[in-house]
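Participant: Put together the whole structure using the sequences plus the hints.
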Amino acid sequence: MAELHIIGQIVGASGFPRSSLFCKWGVHTGGAWHLLSGLREGQTQVDCPQASDTAFWSHPIDLHYATKGLQGWPKLHLQVWHQDSFGRCELFGYGYCHVPSSPGHHRLRCVTWRPLGSWQEQLAQMFVGGGPQLRSPDVIYTGADRYRLHTVAMGTVELELGIILRHFDKHGVES
Amino acid sequence: MASSDLREKMRKKRRALQETLGRVREDADTQVLVATDWEMSKDGERTAVQEPSGSEEQQVATLKQTLKAQRMKRRKKLVEDTPAETPPEAATGASEVERGPRAGESRTPVAAASSSRRSPRDLPPLPASSTLTLSEGPMKRRMVEKLKAARSKAESLLQQEALAEPASRLQGLRDRDPLTRFDTEADLGVRRRDDGAAPLVGRVTFREVAHRGWRRAEVDSGLPTAEEAYNFFTFNFDPEPLEEAAEQKKERRFVEDRGVEEEEEEGGGGGEEEAQVEDGGEGESGSEEEDKEEDAEGRSEGAPLVEDQQGELFIDETAQDFLEVKKAEYLGYHSRVQRESEVLFTPSLRTVPTSCKVPENMQPRYLEEEGLYVGERPPVSLANQNILENRILQQDEAKKWFGDDGRVLALTDPIKQSSTRPPLFNLEEDLDPALQTVYRKALKTRHASRYVAGLGETAGRCQLDVDVSGLIFSHHPLFSREHVLGVRLVQLYDQHLNRQHRNITGLLTDKLHGLRNAVRNITDLHGDRGLNVVMRQRIAEYRLEVRNTRRLRDVEQEKDRTLLKSTLKVWKEMKALREFQRFTNTAYKLHLRKQEVNQSRDEQDFEEEIQMELVELQGELEEEYQRKISQYRQQLEEWKAWRKKQKVSSKKKKKKKKKKEPNEGDKDDEDEDEQEEKDLGSEPPKPEPPERQELSLLEQQVREKAARIRRKPGEPILVPEVTLSGNITPNEQCPRGEFARREDVARRSLFVKVLYNDKEVSRTDRRPLGADFRVHFGQIFNLKIANWPESVRLQVFEASGSSSALLAEVFVPLPESTVLTGSAPPQELEFSSSQRVTFNHEGVGSDVPFSFEADGSNKLTLLTSGKLSCCVSWAVGENDIPLAPPTSQTPGGIHGALRQTDAIACIGASGLSDMKRLSKWAAESRLDPNDPSNVVLMQLLTVASSGEVQVPDYFRLEQLQEEFNFVTDEELQKSRRFRLLTLRSQEVVEFRNYKNVPAVEREVSEKVFQDYEKRLRDGEVVDTKEHLDPHRAVVAKYLKKIRESVMNRFLIAKHHFLLSDLVQEDEVPSIGVLGLNIFKLAEPKRPLKPRRKERKKVTAQNLADGNIKLLVNIIRAYDIPVRKPHPSKPAVASKSARSFTEAFVAAQSSQSALHGNDWPLNQVQVRPFVEVTFQRSVRQTTTADGPNPCWNEELELPFSAPNGDYSTSSLQSVKDEVFINIFDEMTFDITEDDRERGSTVHTRIEKHWLGSVKIPFSTIYLQSRIDGTFKVQSPPVLLGYSKERSLAGEGGYDSVLSLSEGSFVTLFITIQPQLIPGESVREKMKEMKFDSQEDERLLHAAEAFQRDAALRFPGRPCLTTVIDISGKAVFITRYVRPLSPPQELLDAFPNSPQEATELVARYVSLIPSLPDSVSFTSICDLWSTSDQFLALLAGDEEEHAVLLCCYFLAMGKKAWLIIGTAIPEGPTAYVLTYEQGRYLIWDPGRGQYYGQYDTFCPLQSVGCLINADNVWFNTQVYDAPMRMGFDVSRSKLWKPFFSRAFPNPGLSSVQPEELVYRRVDKVAAAELQDRIEKVLKEKIMEWRPRHPTRWNRYCTSTLRHFLPKLEQSRGRDVGDEHRLELQSMLGDYRISGFPLNVPFSELQPIVEAVYSTGVHNVEVSNVEFALAVYVHPYASNVLSVWVYLASLVRTR
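First to last, the sequence lines map onto chains A and B.
The numbering used here applies: residue 13 is where the first sequence begins, and numbers increase by one.
The numbering used here applies: residue 4 is where the second sequence begins, and numbers increase by one.
Just so you know, not all the hints are guaranteed correct.
[What the hints assert, rightly or not] 30 Å max Cα-Cα, derived DSBU-like pairs, lysine-lysine: (1) B:Lys419 / A:Lys87; (2) B:Lys1565 / B:Lys1538; (3) B:Lys998 / A:Lys182; (4) B:Lys787 / A:Lys36.
To be clear, the hints were calculated from the coordinates, so they are not data collected in a lab.
Facilitator: Structure below.
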């Protein structure tokens, strides 16, 4: 019966090789969690920053969960995409972070990575864009077998999340 | 001699010395150079040098000092440099030398040092004793020379250096120096120190040292080393000798003298060597002089100190006082160790005995030995462990660190043994498919309707392989009779083979035998007595099983038998047929193979079987009997008990009634109680004893059955075999019919189209239909898939010649994503077609009855059918990657699997589901069964390996979730608050605008959900109360359902946003626009003709209650009915109705003549005002005068959206209407007292309704403004008013005006602020492609046509395809088809076609209108066919128009559908007819018609005309009906869709062939009439809460009689007569009233209409009301409702 509010925003991303980014995001929870209201996935606009290399989205996240257990605490998975001057989109990074479990305001920095691909693919990417993507994006938040991947670190996505817990103390979860 | 010898020697020595000196000098030079270099670099470290003398702030102040100190140091360096070459011991000595002069330390070390300071290169010191006496003079001289040279050289060097120093800076600094505070301070400090006279001593000492150097040099070798010499001379502690030299000349002289004295004094103390030097060195004097000068300089500093004259000078020295250089402190290693050992504890390396570690008197306990799981510890070296243990043991509570086994407690090793990332050599190959990355090109997003959840990523990567291998007809129209039989034979044979293959009968027989044996064994083994309960139980079970098996076997046997029989029968028929027709068509042949059997054995078996069965049956029956008997006994007992009770009670009642029951039971069981049975109401039936079944009967039954279903004993076993070995009669020998058939067959060919998601993707080649009706295609189609697969269809086409026809459609089930090409089994899909085909040759046709019998009995009707064998599977790409779309895999699956990462790493994720591999892995890896991390796995394995426990079918995701749940699911579900929140977020209608949800559970009341639950519950139940008519209720439900389904269909489109939906952006003015604006500036200004400007649009989301206003601008009205003079005067005269009528008619006619004269003069014609009612708020204009008033007023009405929801969809579905009512304001003088007339005015104002205009809000919203002149809907009869047409005078305009009847009002209505209408959705719908069954080519043409039209005439509506009610695009002409109207309408006016036409139009207009935008919120225009329209009894203009057009066509008129715009509806559909040389425009919604040149025709523009054959687009310059021609044959004016280039393919109509009308239901109408009347009366009373409402019954009944007449005449031409009638009856009353006519849909609109007339507002005390309702039924439940409403005021 405990409730969790996640209210915040995806502020933006920085440190990516190119600007003009957008972000697809989603929240993954375990089976014990019920979404009462809010959208659990979405996509931001494409931001082409003029001044610095930080893309600002200020994309709101507002979720209200009810849960019957702690398992599967919500985690946020992100995919940062780049839209080039031709309007084509290519993947720039996968990332995921846990939604903080302590109440209050949190600033999160979610670092991202991207599959590297073979050298041919890298070469192709350099000239014609595109790039390797995960076949099953589940891998973003499930770690099994990920060690087989070669990845490159990409930039960071900055999030600001406000967490409100309710009735967790009733069930012996101190916050 | 000796002296000469000595001299010789000396010379030699001198020479040697000279050499060395020269060498040394060079050496020194280089050293100096080196030193300076070093010094320069040292400059950088000035601060470090300064530090002792001052802090950094004083840096500047002390700079001078520092420089001096440096200079000094530099000189010192020369000293130091030399020792640098000496061993380190000497270095200490050297430092002491430096220090010596300052600290005044002992001199002895100096001597020692100086001796030891000699560089290795130096000559070894000569023995002093041998040389001293003899050769002092020349040697000395030489030495002095050398020294001089050395010194001069050094000096010059120094000077150079001094010059090299930045003099100016020095100068500046020096000038400033005295001013600084530090200086004075330093001076003070210096002075203080000087008191101790140490520096002086130092100075003196230095000199002494110098002297001693000399002395020693002489003592030691007679020669000073070059270094010493140099040092001596250059070691100057005075940094500023040159500057002060001049000043101190005089002093120096004096000091010199003194210095000499002192020198001498001290020198005297020194010893004789000095004296020798003095004495023997006359030549030296020069050098001595210099030497002295040096000394003097040194002393000149010392001297003033003594004399305390010049403070500055001391600074030079004092720098040394701040610094103290100390030796590095050092403590010996051993002592340190010793000291430390007192403090520190060093644990030993030795192993601690176990006894120390476990508690006393305990043996260590090893858990491993006891079989408990102990994890592996992390490896720690033994030494470290020992150290740790030793250390811990020293601690308090040391024992608690040790476990029972005497080892330090430790967790198991958390580090994996194997590396998590095993080396991957070939990355590409063994990568888990889940992890593979795909190189994806940077692609533009294709945002068509590709909203496919989950697919997005892999779109285009899927491939579906459709393998169409072939098809076999099981019936085809071209089958001959023989074929029919042949197919049947084959089918039966197949069935037979199938059964044989499965051999169920055999299996069951075997089972039966087995079971019987088992029973027999048990009984044999144990006999009868030894049976315990368990055994008995088992036997019973066996018996039951035997019984079941036997029954099953019998059934199967019977089937076998019948199959065989029917096979034979068919074969016989076939043979007969072949014989009869004398040719053979098929190659089928049936052979029967006989298997002989042993007769006697067979018989024995048969008999045995029967006996066996008999025995069993007997046993069963016996059992049954026993059971029944016991049941019977029990019942009997109960019955008896009941009867006893009954008897007791009946005795108490004195045995009221007694009656003997006939004795019917068994005598033995019944006893005398039976006699007293009573017949009472609740008596349980007396049980009957069961009967035993006859044994003989049983046997007979068994035998009969056996004969029926089993092979008779001795009969051979027949095995049928169908072969294709028969001969087919060649064509030439066939009769003509058959020949024709075969010809036909040969002509036919078949092909299969593959449709994916209803789009044809490919088709097979044509294959001829073989004589055996099998077609082999064997083609595989690879479909690359971008869209989510919805359906795969195969269409079988049959082609003969060039034409082809669709034979059948087969839907192929979509394969699971695991079904891959290669492994997928081919499927046989049956298809059939209901097409009727007949032939005149031998082919039997399809859907045609035929018979095999000669007499034609036993007819068969076969439909074309067959089997298509195909296979649809997902392709396998390279590297065996399935190209299937991802299954919606729950991520939890991976989650759960994660627990066994090891296992996954070992055997892969897929192996987890494979139990064998898993257990194998477990065995191989020797899992520790006690390891807690393996619990899950072990459990799984035990479950799997032991067969007893079933592996659960379900898969639990989070296994441990249950244990950690806070609450159960039910509780979570129960939470009202959560439910409310969820419902709100789901936008369920009831909760969509629920603003605040309580934070606490208990604050959410249960009532909140009542409505919602009720709605859910009532979803199916039709509520007849709300709707007066049950049929309407059903329709309403149906409408709702359609709406929901349509909503779902378009949900995707709603989520598809265009940029303009999200970004509101003002257009950047282009050059053209700017230019136009400039021209506008030049335009003449017309301030008196203001124009309306475009306002800024507001999106709906920023709105709130009260923000929106409806602006209604009432401009003017024409032709308002005028008052009739109150007939009070003639009424007096009237006595009889008859005469009155006549008189009145006469009077009226004369009256109209009179009007011109006296009316305008003496009486107000009418004083109209307009009242606007919207959402129950009312605004009115001022009152104007006359029948053509001009108000020009703006009224503001507030608007509130339903539920406060201002979203576009919600606004569009607002059903409210704006009522614009025109009233006449009447004033009555009610001043009762004539005397007051002069002073008071006492009047009563009454308003009389004259007419109204209704405009739905949705229209206003969608069009954003409504501007125009509207016809006022006025009642056919207005009591007390008349139309005065000719009154307005004469003139051209008037004549036009007079063509139209009724009044008109000019309005402008808009919404403030301007809302963006939901057109965006409509626009989007245009972009969206609908499913369509139309031909692709047609659709393309339609699109092109529309695009072209929009390009040439933007804004002119052009429709080619419309969306039908199931959401499919349909070509528009399919809607037009002649449909006959209800017969009674045609019969009504048999000889007047005009009348009939109008009646038909009226009928159509009586079907209630419901805009699509209201019913299908913001989705699109849906066109329903006419039968749907009549069933729904609701539709918008298009449906009305279509129906009317169809009726007109059926009535033989030339009719078209007009697509155009009208006011106030906006885009709409009208009907155009061509009659008697002129065009009439029909408004289908109102049932009125207008001529082409009618001014007040609401149709504003015409976009296109449509009839059943074609669509014409208006290509004329003007689109107003008045200014255009309607002759569609003129290609200049109209552009046809179907032309010669693209002829009409003969589109069939979507309309039904004929409409079926329901009968007129008069009873229901009457009932409805009563109900409406009742409701209205109640409502009127409700609206007049403060006044009594009286009903005038007499008037009501009169009105009621009158209403049917109105309906008959359709509300025309009865006014006067009726009025007179009324007038005559109610002469004493002033009546105002009118009949209203509305089509019936629901009650609410009627109530609303009545309310808007405001009749109830009359507040005169003596007012009476009359209300009559008449419902006229038409066919198909179309009802015309008339409400006659009148208010009566008694005039006297």
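Participant: For each hint, tell me whether it holds in the structure or not.
Facilitator: Hint check results:
In summary, the hint linking Lys419 (chain B) to Lys87 (chain A) is supported, as the alpha carbons are separated by about 27 Å, within the 30 Å threshold. For the proposed pair Lys1565 (chain B) and Lys1538 (chain B), the alpha carbon gap of about 48 Å is over 30 Å, so the pair is violated. With a CA separation close to 27 Å, the supplied pair Lys998 (chain B) and Lys182 (chain A) stays within the 30 Å bound. For the hint pairing Lys787 (chain B) with Lys36 (chain A), the CA-to-CA distance comes to about 27 Å; that is within 30 Å, so the pair holds.
When held up to the earlier numbered hints, the structure conflicts with hint 2 and nothing else.
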